[in-house]
Structures are given as C-alpha cells and as structure tokens.
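Undergrad: Using the sequences and the accompanying hints, generate a full structural model.
There are 4 protein chains.
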Amino acid sequence: MAGNEMWGGRFERRPISIMEEINTSVDFDKRLASEDIAASRAHAKMLAARGIIAEADAAAIARGLDQIEGEIQEGRFDFRRDLEDIHLNIESRLAAIIGPAAGRLHTARSRNDQVATDFRLWVRAASERAEAALTELQRALLDKAEAHAETIMPGLTHLQPAQPITFGHHCLAYVEMFSRDRSRFADARTRMNESPLGAAALAGTSFPIDRVMTARALGFAAPMRNSLDAVASRDFALEYLAAASIAAVHLSRLSEEIVLWVSPLLGFARLSDAYSTGSSIMPQKRNPDAAELIRAKAARVLGGFVALGSVMKGLALAYAKDLQEDKEPVFAAADALELSLAAMTGMVQDLEISRQALFRAAEIGHPTATDLADWMVRNLGKPFREAHRATGAIVKRAEELGVQLWEMPIPEMQKIEPALTEKVYEVLSLQASLNSRDSFGGTAPKRVREQIAFWRTRLS
Amino acid sequence: MAGNEMWGGRFERRPISIMEEINTSVDFDKRLASEDIAASRAHAKMLAARGIIAEADAAAIARGLDQIEGEIQEGRFDFRRDLEDIHLNIESRLAAIIGPAAGRLHTARSRNDQVATDFRLWVRAASERAEAALTELQRALLDKAEAHAETIMPGLTHLQPAQPITFGHHCLAYVEMFSRDRSRFADARTRMNESPLGAAALAGTSFPIDRVMTARALGFAAPMRNSLDAVASRDFALEYLAAASIAAVHLSRLSEEIVLWVSPLLGFARLSDAYSTGSSIMPQKRNPDAAELIRAKAARVLGGFVALGSVMKGLALAYAKDLQEDKEPVFAAADALELSLAAMTGMVQDLEISRQALFRAAEIGHPTATDLADWMVRNLGKPFREAHRATGAIVKRAEELGVQLWEMPIPEMQKIEPALTEKVYEVLSLQASLNSRDSFGGTAPKRVREQIAFWRTRLS
Amino acid sequence: MAGNEMWGGRFERRPISIMEEINTSVDFDKRLASEDIAASRAHAKMLAARGIIAEADAAAIARGLDQIEGEIQEGRFDFRRDLEDIHLNIESRLAAIIGPAAGRLHTARSRNDQVATDFRLWVRAASERAEAALTELQRALLDKAEAHAETIMPGLTHLQPAQPITFGHHCLAYVEMFSRDRSRFADARTRMNESPLGAAALAGTSFPIDRVMTARALGFAAPMRNSLDAVASRDFALEYLAAASIAAVHLSRLSEEIVLWVSPLLGFARLSDAYSTGSSIMPQKRNPDAAELIRAKAARVLGGFVALGSVMKGLALAYAKDLQEDKEPVFAAADALELSLAAMTGMVQDLEISRQALFRAAEIGHPTATDLADWMVRNLGKPFREAHRATGAIVKRAEELGVQLWEMPIPEMQKIEPALTEKVYEVLSLQASLNSRDSFGGTAPKRVREQIAFWRTRLS
Amino acid sequence: MAGNEMWGGRFERRPISIMEEINTSVDFDKRLASEDIAASRAHAKMLAARGIIAEADAAAIARGLDQIEGEIQEGRFDFRRDLEDIHLNIESRLAAIIGPAAGRLHTARSRNDQVATDFRLWVRAASERAEAALTELQRALLDKAEAHAETIMPGLTHLQPAQPITFGHHCLAYVEMFSRDRSRFADARTRMNESPLGAAALAGTSFPIDRVMTARALGFAAPMRNSLDAVASRDFALEYLAAASIAAVHLSRLSEEIVLWVSPLLGFARLSDAYSTGSSIMPQKRNPDAAELIRAKAARVLGGFVALGSVMKGLALAYAKDLQEDKEPVFAAADALELSLAAMTGMVQDLEISRQALFRAAEIGHPTATDLADWMVRNLGKPFREAHRATGAIVKRAEELGVQLWEMPIPEMQKIEPALTEKVYEVLSLQASLNSRDSFGGTAPKRVREQIAFWRTRLS
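As given, the protein sequences belong to chains H, L, G and V, one line each in that order. Quick note on the working numbering: the first sequence kicks off at 1 and runs consecutively. Quick note on the working numbering: the second sequence kicks off at 1 and runs consecutively. Quick note on the working numbering: the third sequence kicks off at 1 and runs consecutively. Quick note on the working numbering: the fourth sequence kicks off at 1 and runs consecutively.
None of these hints come from the bench; they were simulated from the model. Possibly wrong hints are sitting among the right ones.
Computed beta-carbon distance windows for the label pairs [claimed, not checked]:
1) Gln73(H) / Thr190(L): 54 to 62 Å
2) Ala96(H) / Gln414(L): 25 to 33 Å
3) Ala221(L) / Glu55(H): 49 to 57 Å
Computed cross-link-like contacts, DSSO-like style, restricted to lysine-lysine with a CA-CA straight-line distance of at most 30 Å [unchecked claim]:
4) Lys423(H) / Lys446(H)
5) Lys45(L) / Lys30(L)
6) Lys30(H) / Lys45(H)
7) Lys423(V) / Lys396(V)
8) Lys45(V) / Lys45(G)
9) Lys446(G) / Lys45(V)
10) Lys30(H) / Lys30(G)
11) Lys30(V) / Lys30(L)
12) Lys415(G) / Lys446(G)
13) Lys423(G) / Lys396(G)
14) Lys423(L) / Lys396(L)
15) Lys396(V) / Lys415(V)
16) Lys45(L) / Lys446(H)
17) Lys423(L) / Lys446(L)
18) Lys396(H) / Lys423(H)
19) Lys45(H) / Lys415(L)
20) Lys30(G) / Lys45(G)
21) Lys415(H) / Lys446(H)
Here the structure is a predicted model, which means the values were calculated and not measured. Backbone N, C-alpha and C define an ideal beta-carbon position, used for all residues, glycine too.
TA: Take a look at the structure:
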C-alpha cells in the first residue's frame, strides 16, 4: 500500500519523486517506532474497552504490534520510504499481518495526535536519560572534588590568576550547574507529561473514547485539555532543546577548561590513552578530542533550538507540515547531549590532576593581594578603596623586585603603608589565604567539605 | 573619580578612548540601578550587624543610597561613561555625598558578586512581570472564548479547512500555551532565587559575613552554595531567554493568525482604530502593525538566546568580561516580550469577530467529510481505511457537482457506498459535526464551556 | 588496522567505546569519499612528479584509488566506524589492496590539510549545484511570469490589499531575489577556490612539493598563501551556509505565499495531485506539504549557520577537533536547500493560477485609492498630503455606501473634494491603475514584459 | 502633526499608548536621518527636473532639508515619538519650516521605498566602514608579522604543541582571514548597490519619474528592476550581517588567543595599561577586557543574523511591518563590529611579544617529531606510516628519559630504528625544523617574508 493509497480514493496519481523525497520522514522518525507501538497498543485496548472495536480485533492488533516490535528489534523490519513515515510503515505492516482489522486501529485517531503522542513520549524519555546522565556526571565530579578538597590551584578571572582556590571547589561549581540542569529537565518532563492522544486531527472525535485511560496506560499524568493545543504545540520540544542547550553550554565550559588543563603549556592535568587521541603526523600529541567535540557540540544543540524556534515562529494553528521538521533537531540534540555527558563523565573520572603544577601556577600573579588589602581594612581600619590603592602600589613594587608578596621585606611594604606590621605575613601565603575564605560557599577546605557532604546525601 | 582610579594605584595612565568606548556599560546597565542600591543596602546593613563596619558608617551609607535613589528616580543623576558601569557610578556618587565611609561598602564584596546579584534580582522581577502579563492575556483570551464558545469557524490544518471548530475553542488553545509559558517563568524564577552576594570575586571572603541575612533581605530563598558558580554562571539568564523565546513564539503564532483574520481577503475579524495603523499612501488600509511587530519580535528574543548561549559557550571559569555581554540580550528580550504581551492583550480585547464570515468560511472544503467517514465506521461497521476511501470518492463527486456534502443527493452517495442511508445527513451539518466532537478536550460547545470553567477558577 | 594504530606506536591501548562513539565521523564524512580520492590522486601524482615517491608507487596508489572508487560507487565498500573517518577508511583499504606503498601517500600531507581540501571541494560543488538549481527555478518563475504578465492580482502590504499588480510582476520579484542568491553562491565559490593541500598539519612541509600543481589538478585557482589559515579556517563553509540561509529564506517567503494561495479560503491557485498530499482522516484535503516543508527547512539552514558560527567562535588556531563539527550542518543545509529548490521549481511549474479568483480579490479594499490621490495631485495641483486626506474621506464614504471607488457617484465625491470631475474615473479601474504604474520597475504590463525580456536573455 | 494625522482622514481616534509604544521606531531609526535627507534631496530635485513639482517648491524643500540637517547635527532637533519614525519626524519638521510645499515631497514616493532606500544607503556605508577598518587591522597585523617574521613560537593543534612556527606566520593567517572578510563586504556592497527609490508603495507610480536620475544622485549603480522586490527584500541586510558575523568570528578567534597569550600562566605577551583594565578587588590584575568583549560580541552579531533571518522567514510580499525589526540587529552588529575592529587594531599594535617565553614554550612537547618522521621517509626510504610508528616510539622513550628529542642519545634512538644516524640531529632543532618548512605558504622565515611582501604591495 503506497502512501497515496493511504490518503483515500480521491487522488488520481502518485506523487512524483521529488515530492516523495521531500515528504518522506521515515529515515528519521523510525526512531519513534517503539513509542508508536506503545501508543497504538494503548489506543486499541481503550477502543475495545469502550466497545468501539471488537475485542477480537483489539487482540489481533495487539498480536500484530508484538510481532512488528519483534521485527524492528531484530532488524528485520523493512522501512519503506514510499510509505512516508513510521506511522504508515507500521500500519501497512499491521495490515499485511492481521488483515483488514488493522484498519480499525485508526478509529478515533489521526496522524496528528498520533505523532504528537509518540514524540512527547520520546522527548519525555530523553529528558529522563539526561537527568540520569547528569547525575552520573555529578557523582564523578563529586568524587574528584573529594579527592582534591585541599588541592590548591589558581582561581582565575579573565584567565588571570586572582586568588587561590581548591580544585575540589572548582569541581563543585560544576556540580551546582549540572544540578540546575537536572532540575530543568525534570521541570520540562513534568510540564510535558500530558497526553495528546484522542485529540484526533484537531477537534476531538465523536467516538466515545476514554482519554484518561490511554493517558494512564502511557504514563501521562492526564490528557491535554484542548485538542488544538494537543496537535499544534511543540513547546515541550523547544523546552527540551533549551534545557539541553544550557546543559551543553555548561559541558562546553568544562571542556574548554580540560583542553587548557591538559595542554602541555600548562600541564595541570593528564588524560589517559583511553581519553586521548593521536595525530596522523605528530606521534607525540595527546589530543583531548573528546573535550573539543563536547565543546563544539554545544553549538549544534543551540542551533537546534534556533531551528525549531524559527520553524514554530508565526505558524498558524492547528497542524502544519512544518511540524515534521521538529524531530531532527531534537534527535540530533539528544544524541549530542547524551554522548557528551557520557564522554564527560568518563573524562572526569579519567583526569589525573598534577597537584604540583597547580600549586606552582597558584603562586603566579600575586594571588594573595586581596588578602593584603582585606588585612589592612580589618586591622588598620582603612576604607576598602584606600587599602586597595596601597595594595596596588605594593604589588607593583613586588613586581619590580621580582618577588612574591610573601617574600616582600616589611620595610619595602612600609614605604607604601607605614602601619603594616609583620603580622601581615599571616595572610600572605596561599594556604592561609585559602583557609581564610571560609564564608558560606567559599573555597576554604572546610567549606568545600561541607559542600561535598551536602551533595553526598543528595546523590547517593 | 575616573574608572581607572577605582582599579587602584598601579595603573599609570588612563585607558585610551577606544577602550573606554568598548568597556563602558553604564548606558545599558543603569537599568540595574535600583537592584544595585537594594543589594548595597542589604550588604551594608549586614556588615554593620556583623560588626565589620561601624553602625554610623552603615547609616551614612543607607542615607547616601536613599539620596542617590531619589536622584535617579527624579532624573537628576548624572550617569558618567568614564565611570564605566552602574556600580562605579553609584559608588562614586556615594563617596561624593558621604565621604570616605563610602569606601567601606565594598568590604567583603566584589563587582563580580555584585553584578551577579543585581542581574539576578532584575531577571527575577522580569520573570514576575512576564507571569503577570501572561495572566492578563489569558484572561482576555478567556473572555473572548466565553463570548465565542459557540461561534463556528473553520478548523484549519495546512491552512486548509479540516473540520468545524468554535472560535472559543481556538482561543483556549492559546490559554493552554500561555499557561505553560507562565509555569516556565515560575520554574525559572524559583530556580534562580538564590543569592550570589558574598561570593566576592570568586572564592568567598575572610570577613565574617552573614550570607543568609543578605539573601533574606533581598528575598532570596538561600545563598548560593558555591562561590565560583555564583559569579560565573548565567544559566538563570539563559533560562529566562528560553522561556521568553518560547512565549514569544506562541505570541507570534497568534499574531500570524490575527494578520490573516483581519485581512480583507478573509474578513474574519476587525481591529478598531486603536489597534490599526494607516499607510502614508493608501488611506483605506487598516494595517495590523502591532500583530506584525509581535510576530517579528519573537525573532529578536530568539536571537537573544543564541547570542547569550554563544557568549557562554566554552567560557572558562570564573568571571570573564564576556559576561558583560549578558545584559543587553536580556533587556532587549524583556522589552520585546513585555511590549508584545501588553499589545497582544489589548488586541485580543479589541478584536471584533465576524460570526458570519467565519461561518461562511467554515462551509468551505467539505469539512464534515470526517464525520461521514466516522459514520460509516460506526454504522456500517467498516474499517476506518475503507470508510476513508469511500468518503474520498463522495467528496470528489460533490466537487464535480459543485455542492456541499450535506447537499449531496443520497443516490449519488449510494453509487459509491450503497449501504448509506438518509440517517447520514444527521452528521453532515456543521453544527452536528461540532456537537459530536465531545471527547475530552474536543470542540463541542459543552466541552469548550468545560474548559472555560476550568480556567475561570484558576485565573480569577 | 584500527584507528589507534594509525596514531603511531605510543598508544598502549585502544580508546574505549564512548571515545570511539564520539570521535567517529565516517557515518557522515563518507560523503567526502570522491573528493578524498580526487585529492589523493592529485597528491600522489605530484609526489611522483617531484620525485618524492617512486612512479611505481604512484601508479599503484592510483590503481588502488580507482578500485576503491569503484567499490564505493557500487556500494561494496565496507565503511568501518573503528577507522574513525573517511580518510583512514580509504587509506586502510588502500593498504589492503596495494600493500606498504599505500603508506607513501601520506608523505607531505596531514589529515588537517586533507580534510580542509576535501571539504572545500565538496562545498564548491554544492555551491555550483545551488547556482544551477536556482537558475532552473528562475526559469520556471519566468515562464509563469510570462503566462501571467497581465493577470491582475491584489498587491498586498500587511496582507491588506494595497494596489493591483500582475501575477507576472509578483513572480519577477522572486526572479530578482534568486538572482542575487545565485551571485552570492558564485562569489562564495570564487572566494573559496584556493587549495589548502600542502599546508600539512599546520606549518607546511620540508618535502619539495608543488602546491600549484595539485591546486590546478583539483580546479583551484591557486594554493592558499598561509598554511595555518589553510587548515584552521572554515569561513568558506560559513559563507556557504549564509548564502544558503538567505536563499532558503527567499524560498520560505514564496512557500508562505503558495500556502496562502492554495488555501480554499482564498482559492488563488491550485496544486495538482503531484504536488499535494492528503490527510489520513480528511479525504478532501489537498495539503501543500512541500511548500510547508520548504518554509520550515529555512529554519534548519539558519540553525546550521548558527551552529557552525558558534563552533568557530573563540576557537584558537590552528586545528582543533571542534572543526569536525563543521560538516553535518553544511551537509544538512545542502540537502535541505537542494531538495527545496527542486521541489519549489516543480511546484512553480505545477501551480495553476485562478485568474478569476485573483481578479475578484484585487477588487477588495479600494485598491485604486492611491490612484485617486495621485490624480488630485496631478490634476488639481494639491499637495500630496492633502490629496491623501481627501481620498481617505472618500474611501470612508464608499465603505459606508458599500460600493467600489469606481462605482462612487461623482456628487458623493464632490461633497468631499468639489474640484473632482468625471475624468477621475479614468484612473479608478483596476486595469487603468495597473497600466498607469509604468515607472521603471513598475507593475504596468509593458514594464513587466520589459523585465521578462531582460531575464530571457540572461537565463537562456 | 501627530502620526495618525499622517495616515489620512479616515481614522477617528489616536492609537492608544501601547500601540504608540510598540509602533514607534524613531528611537533607533533616527540613525537614518542623514540618509533620509539625502534621499529626499535627490527625490525633490528629480521631481522638479521632471516637472512633477515646481522648481520653487523643490528649492524650498532643499532649503528646509538643509536647515533640518543642521538642526540634527547640532543636536537641536526634537525627535518626537508620537511622530513614529524618522521619516515622519523630518517631514513634519519640513512642513513647519516651509509650509504646504513640504507635502509635495511625498509625491511618487511611499514610506516603503523611502525606508528601503535609506537603509540600503546606511548598510552600504557600514560595509565601506568595515572594509576600511579591516584594512587598518590587516596593516597592524602585517607590521607585527614583519617584526616577528623569525620569532619562534609553538604551533598548536588541539592546544597541544605540534610544530614550531613563527609569530609572524601566525599573524599572517589572520591577515588572510580579514582579507576574505573585506572581500565579502565588498561583494555585498556591490550587490546591494541598486536603488529602490521610485518603487513607491510596492507597484511603481504613475508619475513620470526618472529613477536613473535619483539612483545616480545617491551613488547607486542603477535602479532596482522590480518594485515589489525593491520594498520587500532585505537580503542586503542579511548579507551584511552574515559578513559581519564571519568577520566577528575571526576577531573572536584572535581574541581568544590574546586572552591566552597575556595570561601570566603562559606569559607569551603583554598588553600595556592602555589596553588592560584592573579589578576592583585584585589590584595586580591586568585583565584583557577588550579581547574578552570582542570575543563575546561575535555572539551578538551572530544573534543578529538569526534574528533578522527569522524575521524574514516565511514573510509574504510585499511590505509588512515585521520589516521594521530589520534595523536594530544591523545597527547593533555594526556598532559591535566597528568597535571590535578598532579595539583589535589598537590591541595588535599594543601587544608586546615575549620572544623568550614563546621560545621556551616552543620547546615543549617534542615539536620536531614530525621532522624526525619525515627524515626517515626521505633518508631511509620508509613508508610514512612506518616512520610515524618509529617516531612515536622514540618520543615515548624521550619522555621516559625526560629529554628533548634533540638531546636523545643516538644509541637510544637506534634501539628503535637501527638505521638512524647522527645526521638526524640536523632536523631536530627548532630552527632547523622551522627553516625546513619552506613549501609555499609554509612557516619558514623566507616564506613568511614572501607573504609579507605580497601583502605590503596590496595594503599600502
């Protein structure tokens, strides 16, 4: 049965080839096969329960769908482009297996509510997968944070050394970001968890269907309240793409840092052979390809949000074929995100940190200057801006002398700020600086351990 | 006090003009003025409560901030580009008013946590405004839906007449979309409602601050748990832009429909002079400019998400100046969204629907064909696909005869499907078709009234 | 030979599966197969000509490449994901066919310049295909314009009737747009037509290669002047995506119009069965699916520009693995564009215009109001704004009387503008209005025929 | 004269405030003031030349426009939001200055062709400014390249040291990119250089205008051939945004590198106080704010292309108010681009390179490994892949011994490849490696000087 036969008796001839080419979606929407079968099962069961179709027909349909599911899982299903999409492919095969009863499955249903249902199920599952994968990544980061709760590294702003922090503290910043990413997916999942099934083409149906029954069978919280909205809306897909974009941006930030850290120019960390690749011409290279690909894939996910957003913009209700362009950006984004999350989790676990290199780098750039300024505020009662100015002058002098702040002779410092005493050295070392930043959320190891404890209870 | 004086004593000369030009943000970040003052008030009060600064200084700071707030509200404040941003403008003015005590305000604070706090407060308020404006729009749509719960219009798919629906049903589809939009803003608002204040530059501070106190004073649920995350993250702004993009897309869809409806080519609706504009050369035009602008503005909001997403992609922690590019896309999106919501609410209220034109259009294109097919399924026990095929043939015949389906002589129909009886006419009229679509969420007026009642209780 | 064997002897174990998964590109970059073979042929020939490899080896390589090309064309080539990309797949197969001599092909070449060359060749060909397909579409539009050089339709602004125009004139507006699209692709093609081959990894090579020879063999105008630029730049791909985005936007505009025109609500045009598709539940529908898909695909192309733009943003030189994400957006955009162009050309040819429906619509909304105003300016010597105001009042009166402007009794008009005479009727009919707009580029049929003649000579 | 008075007499009451708010564009389109005046001058002169208006009126109009231009330049012009846009503001002021004759200026013209003309003139000038600024930047890079034609630095791929290159060679890669950027703007400028003026609202005019005369007066090559295309197309703005996006991406890449280079962690370069900014809390910081802002601004420009692309997508001809959203993305992009180009040119000139730091970094990571492999190919006749494998093993051994390749004892190397001789040391030093890469476009200083000479002749 060719696609145009599906459309009924009025059409005189087959669409020509370019139309088939542009119209066919089975190449990508076959990914909805199991959702389509699940929704058909629920629909057939409900039709029988409501007496709309015979129990025997429902049983035949269920049997046929089981067989099709098996054929697809085993790679034996022949997806035909001339049958346009996954829905018609399955329906056509069902007819071949069980005969005319297959035709009854389409009672009180349209491809419009069918595809909306299938796609929602798919996106819901993708959200769940993202949440689970984000949790795994958080765990990997938490382990790394625990191992490095006291590992000193340079805290950078503008890629300039600012203040010493711990590597654990740095890891925990990402645990926070990925936590919000998880909750964004969870919110999206809750919001989208309503069933379009039964909206039919756009207006509902005259058959005495039970939409609550099919909604429950498919794990939806309830049926959608408005049939036009049910077939015409894709904000659930846009919201998934937005959450995925933001998560991918977070992943890209960590990737950028890993690329920097493993560069021999910095040497802060090392990826094992498992997470490096080589070059065809430079055998000594250990390229962080996975980190680079994750960094780049964020752009693809972002492009997907733009694409679908622009597809939907200005689209009149109810259904339009433009909506067929909703799936590929989502599939591509889900693939990119899931691959990125898995690879990032592996990389974080794999990453071997060089405490020595980090410590040496933490000494660069007078990172305890703020501590000196704060000390003057606290101990000399100076307004912050004045202390700041004096500190700036002392740093400048240290640069001229080529020494670290903690190596500055006290007389040199007193030339600039006479009230300074030897006591000031207590805050000028990296460790002292670090320990002192013990405000809530700060980088002091005790605060870092507090954060770790917080997350341990939530991620176990 | 020029910007570079703020940076301390080490800088030898002023940045040259092109740097001032590229670096200055006060032209746009002055929109954060009231948030900046609120955060400074909370910070000063806390510093005094914790004994970090003297009560007298805190009082002077509070007094000075009050005065500055007054000056800004009255348009008397002199925003200076050479002072870079809103923070330094206010700080500089505070110093002029209260003298050196102003310098103590910056204790245990950095511009990094300051701007993160200000911007979060601004975006939180923008989310609240969006929620309120969406509610107003829902109410306008609900009123329109109630007035037109039984007004028949063509339900379109592919801009082709499909099945009759009611205009009220159509309005309610948008009530649903805007409801999800509201909940997206609410979720975003809850998620972002944590305080960065006290994270200082990136690592926390050694002063004994109380971040819970400032968080509460600013209406935040809690302080953020990680200081790096606090200064480096902008997912809250991205999430706002995503929610705004999706809402704007919904608005653009309604706009497209209004543009179509008020076109004299269709004549479905009319906007009063209050919501139409004229042409400089064609005096008879009533152009739906507002609808067109709303449709276009969705693109701008989308562009804002892309812009900020791409700014953040691959950005190493903690703070980088790239983050200064976070505000303009958000401000522009908020302006576009809020203007669009207000204008759309007015337009929906203003829109005068032509029942007659809608009814006439609803008769076009054999919109009860599905009803005929469904009747065959129900009454002749035919599989759906067969009924579909027979219906297609009858429609084709009706087209040849130039009659509506409900005008088709029964013998003509029986040539195609002999089992058809006069009973079939019961489902072929628009009203009958409409009434029959009474599945949950369907377009039958009783279902439409059910939806209205549901929303009335929630929007009152 | 597995991928990691390619990287040389230092790697101790195979990358684990997730790395293979994220790193593999052969699933999409196999589309570069023929370009890769062509570049390898040119490279091998040059190496032999310069005495860098033996003639016998070059001959063996050429033979092997011929065989591989055959295998690929006949679908017998086994693309292996564990061999990462198309380059290593071909190289590995070459080794299997001709033995160790295959290894010599990689002399003085790196995957970095290899992939840059292959991709440039592919994008260059895609540009040429786009130019050819745009020309075909222009021809179809030109034929349609010629057939309808005098067919009156409503010229719309804001979807409101403004002034009568001819359908031919409307078609020619698109001929202009697609002409600029063509020239954009041509400019891009000229600009990208320089050879990266010989840049090696990033710095050039110490082998005495002849880059001019390989450039010529591949149809490039010259070798690129800087080896870093050669391997690191992708502006050629971005420019292709930009040109494709703009062309796709033009296509989407025509699509929107076709969707409107073929809607039974307007009935301006009809697509045959060849370019319509049906609905599974509404047999009478003739859905302009192709037009809707083309409209939507513009968003996908736009998303591709965003994706690659954001991949490239902030990417340090020279090569980074992020660049592997350059191909999929381009391939997807080229597929979308080429399919859209072919389908649009077919649709334009297929489109059957209803002169009657267009004429009736052209009478709506007093479209000759401007003519009346212009007449007053010309014949009564009134300033434009005054004439405009009087015309507005006359239109308002005509609306009250329910008549067309050309049906307005002269006394009614004189109540508003006493100086009006019967002569004014000469400009109030649609045909008179149309004929009068004979400024260069105007819609008067003689001007339309002038445009047609211009394009005939250029498109034959 | 309020905006609605402009629209003629039919409108009964003024648009309410939210409409004024959303409809007003003068806040941003006042940037078109001088273009609007120039186009009006040309139009009035042509009208008089063609006898459509009296010479006296044309003279009055010219005088009035001169006065308005003066008022605007001197900041004395009162831009009124209730007059909507720049066109009505100027027209209204003209009427106040010269009286009713002002009304004649609008003869044979519409706001549709007026705004299309003004905006084209503006974008054309912006393209020219971009080309000039790009040329300046190329000159700055060329000077830097000349000063560092022999300065050795690590050539990086994947941010891993790959092969030594010169800093001059690196600079020249950007000279190439910016050269293509320039030619993109030039192509866009040529393509857009056609005059819409005289297209009137959409269909041309019945007045005997001379479009060639106004086109020439405004520096256009010719009038546009189709009046619908003239008022409805914005591909010229999209093309500008695309060229600007690509140029901004190139700028962002250089910015990313500058941020890296000036980080004290690498210390490759230093920006003077003129191009660094300080931190409010860390006085020792020298933040490359300008580089970071340029990096971020690329995202904004990209967002502008998306915004306008999505505005235009699916927009029916001819004019729609959506087109009013065309200007802000272009203005914002032009501002971002021009500021970025100026700041980058200054930074490049300002950048002080540390030869020592670059050289030390160039020694990291066995960057002459490829040279070793190539030597084996050339001197031992080994296939490339075999040489590659042996080199990998030698590098691994060098890492174990903690020595550079040029420090490896020959016996150690011979354990892996017995045929190696002392001769191999000739290619293992950085300088030797560099000099040897003398293929066309390679990094050998003589090739770098060749490139410099090429550009000197073209940029002088």
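Undergrad: None of the hints should be skipped; say for each whether it holds.
TA: Do the hints match the structure? See the list:
no.: 1; hint: Gln73(H) / Thr190(L): 54 to 62 Å; result: violated, 41 Å
no.: 2; hint: Ala96(H) / Gln414(L): 25 to 33 Å; result: holds, 31 Å
no.: 3; hint: Ala221(L) / Glu55(H): 49 to 57 Å; result: holds, 54 Å
no.: 4; hint: Lys423(H) / Lys446(H); result: holds, 24 Å
no.: 5; hint: Lys45(L) / Lys30(L); result: holds, 23 Å
no.: 6; hint: Lys30(H) / Lys45(H); result: holds, 23 Å
no.: 7; hint: Lys423(V) / Lys396(V); result: holds, 21 Å
no.: 8; hint: Lys45(V) / Lys45(G); result: violated, 66 Å
no.: 9; hint: Lys446(G) / Lys45(V); result: holds, 27 Å
no.: 10; hint: Lys30(H) / Lys30(G); result: holds, 22 Å
no.: 11; hint: Lys30(V) / Lys30(L); result: holds, 22 Å
no.: 12; hint: Lys415(G) / Lys446(G); result: violated, 36 Å
no.: 13; hint: Lys423(G) / Lys396(G); result: holds, 21 Å
no.: 14; hint: Lys423(L) / Lys396(L); result: holds, 21 Å
no.: 15; hint: Lys396(V) / Lys415(V); result: holds, 13 Å
no.: 16; hint: Lys45(L) / Lys446(H); result: holds, 27 Å
no.: 17; hint: Lys423(L) / Lys446(L); result: holds, 24 Å
no.: 18; hint: Lys396(H) / Lys423(H); result: holds, 21 Å
no.: 19; hint: Lys45(H) / Lys415(L); result: violated, 35 Å
no.: 20; hint: Lys30(G) / Lys45(G); result: holds, 23 Å
no.: 21; hint: Lys415(H) / Lys446(H); result: violated, 36 Å
Hint compliance for this structure: hints 1, 8, 12, 19 and 21 are broken, all remaining hints hold.
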